[in-house]
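Protein chains in written order, with the numbering used here: chain A, 1 to 522; chain B, 1 to 448; chain C, 1 to 121.
The reader is advised that the hints may include incorrect statements.
Straight line, CA to CA, 30 Å or less: simulated DSS-like cross-link-like pairs of lysine-lysine [said to hold, decoys possible]: (1) B/Lys445 x A/Lys55; (2) A/Lys115 x A/Lys330; (3) C/Lys121 x B/Lys152; (4) B/Lys322 x A/Lys228; (5) A/Lys230 x B/Lys175.
No wet-lab data here; the hints were simulated from the structure.
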Amino acid sequence: MAMNTQGRPSAPLHTPDPGAYDDTFSGSRGLDQAEPLIFERQTYDKTGVDFETPKGTKSRLGALERTEDLGLPGLSEPEAMRHYVRLSRKNYAIDIGLYPLGSCTMKHNPRLNEKMARLPGFSDVHPLQPQSTVQGAFELIGELAHWLMTLTNMPTVAMSPKAGAHGELCGMMAIRAALDARGESHRRRVLVPESAHGTNPATAVQCGFFCDEIPAGPDGRVDMEAFKAKLGDDVAAIMLTNPNTCGLFERDIRAIADAIHEAGGYFYCDGANFNAISGRVRPGDLGVDAMHFNLHKTYSTPHGGGGPGAGPTVLSEALAKFAPLPFVIKEGDSWRMVEDEADARAQGAQPFGRMVAFHGQMGMFTRAMSYMLSHGADGLKQASEDAVLNANYILARLKDVMTPSFDGLCMHEALFDDRFLKDTGVTTLDFAKAMIDEGYHPMTMYFPLVVHGAMLIEPTESESKASVDRFCDTLEALAHAAKAGETERFTAAPRFAPAKRLDETRAARQPVLRWTPAASEA
Amino acid sequence: MRYLPLTDADRAEMLEMIGVDSVDALFEDVPQTARLDGPVDLPRHKSEMEVERLLTQISRKNIAASEAPFFVGAGAYKHHIPSSVDHLIQRSEYLTSYTPYQPEISQGTLQTLFEFQTQVALLTGMEVANASMYDGSTACGEAVLMACRITKRRKAILSGNLHPHYAAATHTLAKYMDIEIKDDAAKPGGLDDIAADIPDDVACVVVQNPDVFGQVHDLEPIAKAAHEKGALLIAVFTEAVSLGLMKTPGAMGADIVVGEGQSIGVGLQFGGPHVGLFACRNDRNYIRNLPGRLAGETVDADGRRGFVLTLSTREQHIRRDKATSNICTNSGLMTLAWTIHMSLLGDTGLRTMAQLSHEKACELADRLSAISGVELVTDAFFNEFTLRLPKNAADVVEALAEKGVLGGVPASRLYPGKGYDDLLIVAATETNTDSDLDAFEAALKEVL
Amino acid sequence: MSTRFTKDHEWIRVEGEEGVMGITAYAAEQLGDVVFVELPEVGKTVAQGDELAVVESVKAASEVYAPVSGEIIEVNSALEDAPATVNEAPQGEGWFVKIKLSDKAQLDAMMDDAAYAEHTK
Numbered sequence: 001m002a003m004n005t006q007g008r009p010s011a012p013l014h015t016p017d018p019g020a021y022d023d024t025f026s027g028s029r030g031l032d033q034a035e036p037l038i039f040e041r042q043t044y045d046k047t048g049v050d051f052e053t054p055k056g057t058k059s060r061l062g063a064l065e066r067t068e069d070l071g072l073p074g075l076s077e078p079e080a081m082r083h084y085v086r087l088s089r090k091n092y093a094i095d096i097g098l099y100p101l102g103s104c105t106m107k108h109n110p111r112l113n114e115k116m117a118r119l120p121g122f123s124d125v126h127p128l129q130p131q132s133t134v135q136g137a138f139e140l141i142g143e144l145a146h147w148l149m150t151l152t153n154m155p156t157v158a159m160s161p162k163a164g165a166h167g168e169l170c171g172m173m174a175i176r177a178a179l180d181a182r183g184e185s186h187r188r189r190v191l192v193p194e195s196a197h198g199t200n201p202a203t204a205v206q207c208g209f210f211c212d213e214i215p216a217g218p219d220g221r222v223d224m225e226a227f228k229a230k231l232g233d234d235v236a237a238i239m240l241t242n243p244n245t246c247g248l249f250e251r252d253i254r255a256i257a258d259a260i261h262e263a264g265g266y267f268y269c270d271g272a273n274f275n276a277i278s279g280r281v282r283p284g285d286l287g288v289d290a291m292h293f294n295l296h297k298t299y300s301t302p303h304g305g306g307g308p309g310a311g312p313t314v315l316s317e318a319l320a321k322f323a324p325l326p327f328v329i330k331e332g333d334s335w336r337m338v339e340d341e342a343d344a345r346a347q348g349a350q351p352f353g354r355m356v357a358f359h360g361q362m363g364m365f366t367r368a369m370s371y372m373l374s375h376g377a378d379g380l381k382q383a384s385e386d387a388v389l390n391a392n393y394i395l396a397r398l399k400d401v402m403t404p405s406f407d408g409l410c411m412h413e414a415l416f417d418d419r420f421l422k423d424t425g426v427t428t429l430d431f432a433k434a435m436i437d438e439g440y441h442p443m444t445m446y447f448p449l450v451v452h453g454a455m456l457i458e459p460t461e462s463e464s465k466a467s468v469d470r471f472c473d474t475l476e477a478l479a480h481a482a483k484a485g486e487t488e489r490f491t492a493a494p495r496f497a498p499a500k501r502l503d504e505t506r507a508a509r510q511p512v513l514r515w516t517p518a519a520s521e522a
Numbered sequence: 001m002r003y004l005p006l007t008d009a010d011r012a013e014m015l016e017m018i019g020v021d022s023v024d025a026l027f028e029d030v031p032q033t034a035r036l037d038g039p040v041d042l043p044r045h046k047s048e049m050e051v052e053r054l055l056t057q058i059s060r061k062n063i064a065a066s067e068a069p070f071f072v073g074a075g076a077y078k079h080h081i082p083s084s085v086d087h088l089i090q091r092s093e094y095l096t097s098y099t100p101y102q103p104e105i106s107q108g109t110l111q112t113l114f115e116f117q118t119q120v121a122l123l124t125g126m127e128v129a130n131a132s133m134y135d136g137s138t139a140c141g142e143a144v145l146m147a148c149r150i151t152k153r154r155k156a157i158l159s160g161n162l163h164p165h166y167a168a169a170t171h172t173l174a175k176y177m178d179i180e181i182k183d184d185a186a187k188p189g190g191l192d193d194i195a196a197d198i199p200d201d202v203a204c205v206v207v208q209n210p211d212v213f214g215q216v217h218d219l220e221p222i223a224k225a226a227h228e229k230g231a232l233l234i235a236v237f238t239e240a241v242s243l244g245l246m247k248t249p250g251a252m253g254a255d256i257v258v259g260e261g262q263s264i265g266v267g268l269q270f271g272g273p274h275v276g277l278f279a280c281r282n283d284r285n286y287i288r289n290l291p292g293r294l295a296g297e298t299v300d301a302d303g304r305r306g307f308v309l310t311l312s313t314r315e316q317h318i319r320r321d322k323a324t325s326n327i328c329t330n331s332g333l334m335t336l337a338w339t340i341h342m343s344l345l346g347d348t349g350l351r352t353m354a355q356l357s358h359e360k361a362c363e364l365a366d367r368l369s370a371i372s373g374v375e376l377v378t379d380a381f382f383n384e385f386t387l388r389l390p391k392n393a394a395d396v397v398e399a400l401a402e403k404g405v406l407g408g409v410p411a412s413r414l415y416p417g418k419g420y421d422d423l424l425i426v427a428a429t430e431t432n433t434d435s436d437l438d439a440f441e442a443a444l445k446e447v448l
Numbered sequence: 001m002s003t004r005f006t007k008d009h010e011w012i013r014v015e016g017e018e019g020v021m022g023i024t025a026y027a028a029e030q031l032g033d034v035v036f037v038e039l040p041e042v043g044k045t046v047a048q049g050d051e052l053a054v055v056e057s058v059k060a061a062s063e064v065y066a067p068v069s070g071e072i073i074e075v076n077s078a079l080e081d082a083p084a085t086v087n088e089a090p091q092g093e094g095w096f097v098k099i100k101l102s103d104k105a106q107l108d109a110m111m112d113d114a115a116y117a118e119h120t121k
């Protein structure tokens with residue numbers, strides 16, 4: 001026989017003690033690579049971009065030419081690739097697993113959308129090119145606007161807001177402009193449920209309003225008596241999320257709309273949760289005066305680690321003419337962008353102003369359009385139904401081991417509180433961190449503020465039944481473990497993430513907001 | 001439907017588990033009158049092939065910047081972006097993650113934000129920067145509000161040579177905030193005398209450099225004049241690449257620096273998404289008044305360095321009606337693109353890119369202003385300059401487009417009705433070839 | 001004179017016409033790690049119940065109300081750089097402001113040690 005005399009044992013010679021070493025020499029842990037900041041490489045004489053050699057023409061910057069260096073390190077392409085790929089692996093993502101962040105609608109991001117947004121005719125077009133050379137861009141904006149208006153049964157949509165909060169600002173400024181036009185500038189009070197997103201009160205204040213909180217009733221919805229008691233001739237508007245942040249549809253929404261209109265105010269609807277009803281319920285049929293979309297939520301233009309978003313805002317007949325500049329109109333066979341006030345007034349509009357340079361988030365429009373065309377009216381309706389079905393299934397499966405905050409069904413997200421953790425020594429935060437060890441991104445926690453230790457779970461329509469079942473099995477097991485006194489499993493979590501719990505107090509008490517050379521030497 | 005994993009059998013099983021007999025029952029809280037019987041009046045779903053065909057057709061109705069000699073600027077600039085940038089930002093872990101609220105599984109995003117903040121601070125010559133705003137124009141508006149909070153004053157002066165869209169966005173943001181904003185008159189090729197007459201009760205003066213006409217300015221005298229009155233200087237830029245060659249606004253005395261980062265890593269995108277850069281002094285009063293997110297350094301339970309979102313009590317999700325801004329979602333993925341591109345460039349690459357842009361612009365300015373009747377209005381500029389034409393500039397731009405040249409922005413489009421009908425704002429970058437310059441010169445000669 | 005408490009968890013200790021105030025140990029514990037305290041300007045006049053200061057932890061910002069009416073005569077600016085003092089010694093070194101009282105009678109309606117202990121049970 002031809003024998004290999006080197007041995008090559010397939011098992012260690014001695015039985016190892018698995019706990020003997022928990023460190024490494026390099027700081028990396030297998031596939032989880034330790035990666036310094038680029039500044040710590042001190043590579044100031046390098047670049048990863050080759051250019052032709054400049055001719056050395058004499059500067060025409062007057063005396064404003066900079067003589068010293070900025071201190072920006074450069075990396076060759078392989079170094080840059082490795083740096084950012086290594087860092088990427090420290091992130092959780094929807095492509096890796098279920099991402100049940102309530103109110104955030106972390107659904108699948110189709111790659112067709114990315115491809116479409118990168119067509120040179122969309123991505124490589126300048127906002128100030130002659131209008132005759134960007135007819136396709138206007139057409140796409142016009143088409144998307146048509147879909148958004150149809151889905152909401154609203155007569156106008158302002159396309160330029162850059163994100164949800166910017167859309168809120170758009171809607172509330174339109175309301176302010178309408179009140180001013182009515183000679184009712186004294187209306188400054190905005191009713192905001194205590195379960196509202198923080199952007200609502202922050203936005204109202206930026207429009208010169210002040211907020212008056214409406215308490216929630218025991219069923220997690222607006223307390224109608226309290227709401228009606230707050231109506232008066234100083235009320236400008238109500239800002240209401242529907243479905244609300246408890247994942248519940250406001251049953252009395254028609255009565256709320258009627259009452260606020262009766263009192264001379266407007267109805268702003270926060271559209272963050274539109275994924276529950278898109279293609280199935282039209283806000284225009286509910287008496288809404290303004291509502292922003294979060295295209296990055298409902299229509300899946302990706303979240304990208306915190307942005308960019310897009311916040312087109314539909315406006316009712318009463319608010320339509322106050323929509324901001326610029327906007328697209330169709331004249332005969334061609335499209336035109338109305339960019340200045342005089343032009344807008346000639347069209348019968350009274351824009352409250354311009355919110356942003358140029359025309360909004362074109363890159364998000366193309367992605368949303370690709371998503372909507374792919375789904376169609378039938379697919380959008382089915383998506384909402386599946387999102388609601390998945391959430392209710394989770395609610396049903398977990399209602400006996402965790403504690404739902406409210407009785408009955410939910411819409412697209414299921415809200416639990418921390419009563420099931422009472423006397424376990426485990427908090428909502430600990431529970432969330434233990435989910436990380438189990439391979440899941442935690443749900444939204446401690447929001448909405450109306451329930452204690454909130455856990456808001458939004459599975460979206462992108463999860464299969466098998467995926468939702470595995471998730472429920474895991475949460476069930478964790479809930480049992482907490483009740484069985486396995487406290488360490490939670491308080492020490494996460495144990496298997498790229499980082500252990502981070503000291504946020506230190507970060508806030510002694511803020512270090514950038515790298516400095518001194519910090520590296522120390 | 002290819003994006004929906006549930007089967008009809010799954011749905012039936014799940015409904016049974018929930019204890020209802022139909023999906024309709026899940027929508028029982030929706031008023032009966034508002035429930036649609038069938039789908040809304042829009043087309044049914046389409047295959048990938050169909051969607052691609054449809055959208056490609058629409059996109060072809062546009063002329064892409066890469067398809068023509070291209071010289072359009074005035075707030076957005078066509079620069080080369082390395083292929084690796086777009087590849088990296090499409091990594092699932094970056095593209096499909098949310099705001100890094102769970103730092104233990106978001107260190108990738110958080111460290112890149114920390115790198116971004118550091119690079120922005122270095123580029124602007126400032127001490128700290130935030131994790132981005134929507135774009136330059138909204139950053140400008142937010143900077144004015146911040147200056148008012150810091151100084152506890154309610155007035156701002158905007159230079160007339162500030163990009164009119166930036167001025168408009170700032171007016172809108174301040175409109176209902178009880179802040180008085182004064183616009184100086186524009187002065188193409190010069191600068192309104194903003195430093196001469198700053199009242200005592202002004203929170204800030206806002207100056208763009210290079211300005212919207214392309215002219216560059218020494219900000220130091222303006223900073224000095226503002227500081228003497230206790231006002232802040234907000235320096236604005238729309239062309240980030242200019243900082244590759246120019247003195248930083250920080251070195252010239254700016255207190256807050258805001259600008260558009262689109263030139264680095266992002267692309268034209270027909271105006272969005274772009275990325276707003278926001279930097280300021282490292283002063284507690286400044287930091288606490290910053291809008292938007294901030295990434296900060298800390299350690300984890302094992303003492304290893306890590307990063308978190310910090311000083312969040314400024315933000316809307318905690319401070320609600322007392323937040324410094326209502327901004328939530330920002331330009332996340334665009335900051336990543338910016339950071340990757342900047343990491344590839346480094347000082348060396350950025351300076352070369354800026355130098356090439358400057359040289360192309362100088363050569364183009366000389367060649368075009370040598371044409372009879374054409375006059376160069378801006379005498380000191382970076383990569384953008386303004387020409388006075390013997391004809392209406394808007395008509396000239398249309399005529400150039402018909403000849404296949406995208407030849408700049410007529411000033412009248414930005415300043416309608418202000419008598420700038422003969423002014424053309426022209427930008428050049430490292431992407432312009434000699435034949436682009438030849439084509440522009442030849443076409444302009446023909447058109448005039 | 002002994003320490004008095006409000007239902008909103010402020011304490012005040014008065015000597016003569018001047019009082020020193022802060023937030024209670026119970027409040028400090030509930031807030032968690034204090035990371036910043038925003039204090040008023042010296043010379044400011046406040047009415048009982050007015051917003052006086054803001055105390056921030058990592059994930060919350062809470063308003064602190066004036067327990068009595070009066071004029072701010074001193075603020076504990078050491079807290080700016082050492083907010084942790086509020087957690088370490090909330091009713092000692094971690095005081096917020098000194099107030100010159102304009103109406104000492106307001107103290108009568110406030111809680112003493114025993115009543116406050118009962119209040120936070």
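Now the hints, each set against the structure:
no.: 1; hint: B/Lys445 x A/Lys55; in the structure: 26 Å, holds
no.: 2; hint: A/Lys115 x A/Lys330; in the structure: 27 Å, holds
no.: 3; hint: C/Lys121 x B/Lys152; in the structure: 42 Å, violated
no.: 4; hint: B/Lys322 x A/Lys228; in the structure: 26 Å, holds
no.: 5; hint: A/Lys230 x B/Lys175; in the structure: 27 Å, holds
In this structure, the one hint that does not hold is number 3.
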